[in-house]
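Q: Sequence:
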Amino acid sequence: MVTGIGAVTCHGAGADTLWRAMTAAGTRLPDRPADPLARMDLPLISLVPDPDLRAERATRFASLAAAEALSDAGLDGPSLAAARTAVVFGSCMGEPGGNERGRGADDGWQPPFRLASALAGELGLFATVHDIGNACAAGGYALGIAADLVRAGEADVVIAGGSDAYSRVALGCFNRLGAVDPERCRPFERDRAGTVFGEGAGVFVVESAAHARARGVLSSPDGAPRLTGVAWSCDADHPTAPQADAEQVVRAMREALGAAPDTVGCVVPHGTGTRLNDVLESRALHRALGPRAARVPLYSLKALLGHTGGASAALGAVAAALILRHGEVPPNVPLKEQDPECEVLLPQGDAVPLADGARRVLVNAYGFGGNNASLVLESGTPTGPSGGSAAGERAGAASGGGVGSVSGGSGSAGGGAVVGPGGGSGGVVRRTVEGGGVS
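Position one of the sequence shown corresponds to residue 1 (the UniProt record's numbering), numbered consecutively onward.
Note that these hints are calculated values from the structure, not bench results. Hints may be right or wrong, so weigh each one.
Stated by the list, open to error - Ranges of calculated distance between the beta carbons of each label pair, as one might list FRET restraints: (1) 259 <-> 356: 14 to 22 Å; (2) 49 <-> 275: 29 to 37 Å; (3) 290 <-> 337: 23 to 31 Å; (4) 49 <-> 244: 38 to 46 Å; (5) 24 <-> 52: 21 to 29 Å; (6) 128 <-> 275: 38 to 46 Å; (7) 40 <-> 358: 41 to 49 Å; (8) 287 <-> 78: 26 to 34 Å.
Ideal Cβ positions, reconstructed from N, Cα and C, are used throughout, including at glycine.
Could you build all of it, start to finish, from the sequences and the hints given here?
A: Structure follows, in structure tokens:
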């Protein structure tokens with residue numbers, strides 16, 4: 001079960017802030033970081049509104065999003081300490097700040113992938129911690145591992161998600177690859193020219209049903225989202241380019257969807273804005289969803305936030321939970337002209353209600369090295385724009401704290417998303433489906 005969600009993006013802190021940005025569908029041009037060493041043609045990134053590039057930004061974003069998720073779940077330090085708690089975080093670059101800045105003679109090297117360890121230390125947890133570093137699918141893998149830990153009885157509560165911040169190395173590499181759009185991140189547009197990075201973090205609190213029931217947060221589970229599928233695969237083909245036939249991408253989607261692709265009401269695609277990715281994913285969606293593919297609305301999150309790297313799958317899952325909660329797909333950031341090779345539905349102008357019987361959202365994330373992850377979230381009855389669960393109403397707003405605060409709106413997303421993982425694995429793809437073994 002996921003009893004709490006949290007988010008930090010270039011629009012500010014808080015899942016409710018993210019939802020307001022999604023419904024506004026405004027165009028946000030990327031920033032140019034105040035970094036004198038960023039000597040590259042297109043130093044573009046959508047920054048979280050926090051001016052200090054020298055601080056450990058990825059850790060701070062993870063901390064703030066986790067604080068909101070824990071508040072949303074109604075969990076505090078003593079309750080976490082009393083439970084078997086784990087922390088799992090995915091990231092492309094980890095915490096690169098200190099190593100990229102250089103160091104003095106007395107400074108020691110710091111491992112960049114330490115977000116989970118830092119968060120556990122901040123919360124005073126003697127916990128199982130996992131830092132996942134498999135590129136832009138890392139947040140999706142983190143959520144899958146969290147579900148596994150709960151399903152296997154290894155943890156009662158898992159704080160899981162993804163976080164990434166400004167990295168001169170990452171931005172420089174994409175400049176050298178010629179993969180940065182000079183305007184902004186424009187997935188599925190005809191004249192798109194690459195991606196544009198963004199900062200942010202997305203966090204779920206994953207909890208066993210038994211632990212949640214024991215503290216009384218399951219009084220109204222019918223309208224809460226559930227994670228009914230998690231699958232991943234690997235192309236094992238090229239270090240940066242997706243496999244031309246997209247076979248493993250399709251396989252991950254099919255495994256996550258199970259036997260009911262007709263019940264998908266929305267897709268949050270990987271959709272990076274690169275020439276190759278968007279076309280391949282569009283075609284893969286047609287193979288995975290069948291004849292309905294052209295009629296299933298997509299919500300292109302990266303057009304709103306930029307490509308948040310290892311946080312992208314986690315933020316996509318947060319966006320999916322919000323879509324299910326409100327019962328509608330927000331309008332996309334307007335496209336000038338959609339690529340005719342991308343035969344997918346991208347609603348613009350008005351929100352599209354989720355159809356009855358189609359209250360599942362598919363979230364895709366793909367990374368360098370051929371790492372693919374697909375998640376499926378499902379909802380019962382939507383609560384409506386002002387609704388929320390008992391956990392969310394009790395939690396109230398999360399206003400910062402942790403190792404740092406970020407300006408911008410913050411608050412509870414309205415209610416904890418309830419997830420029921422379970423299931424098994426097989427072959428290259430590992431799949432988690434709703435079922436026994438969690439409670």
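Q: If a hint holds in the structure, say so; if it does not, say that too.
A: Structure-based check of all given hints:
1. Our hint of 14 to 22 Å for residue 259 and residue 356 holds, since their Cβ atoms are close to 19 Å apart.
2. A C-beta distance of roughly 31 Å is found between residue 49 and residue 275, which places it inside the suggested range of 29 to 37 Å.
3. For the pair residue 290 and residue 337, the supplied restraint of 23 to 31 Å holds, since their beta-carbon distance comes to about 27 Å.
4. Between residue 49 and residue 244 the C-beta distance comes to about 40 Å, which sits within the given range of 38 to 46 Å.
5. Remark: the range hint 21 to 29 Å for residue 24 to residue 52 is upheld by a beta-carbon distance near 27 Å.
6. The hinted window of 38 to 46 Å between residue 128 and residue 275 holds, with their beta carbons roughly 41 Å apart.
7. At about 44 Å, the CB distance of residue 40 to residue 358 agrees with the hint of 41 to 49 Å.
8. The hinted window of 26 to 34 Å between residue 287 and residue 78 is violated, with their beta carbons roughly 49 Å apart.
Checked against the numbered hints listed earlier, the structure breaks hint 8 alone; every other hint is satisfied.
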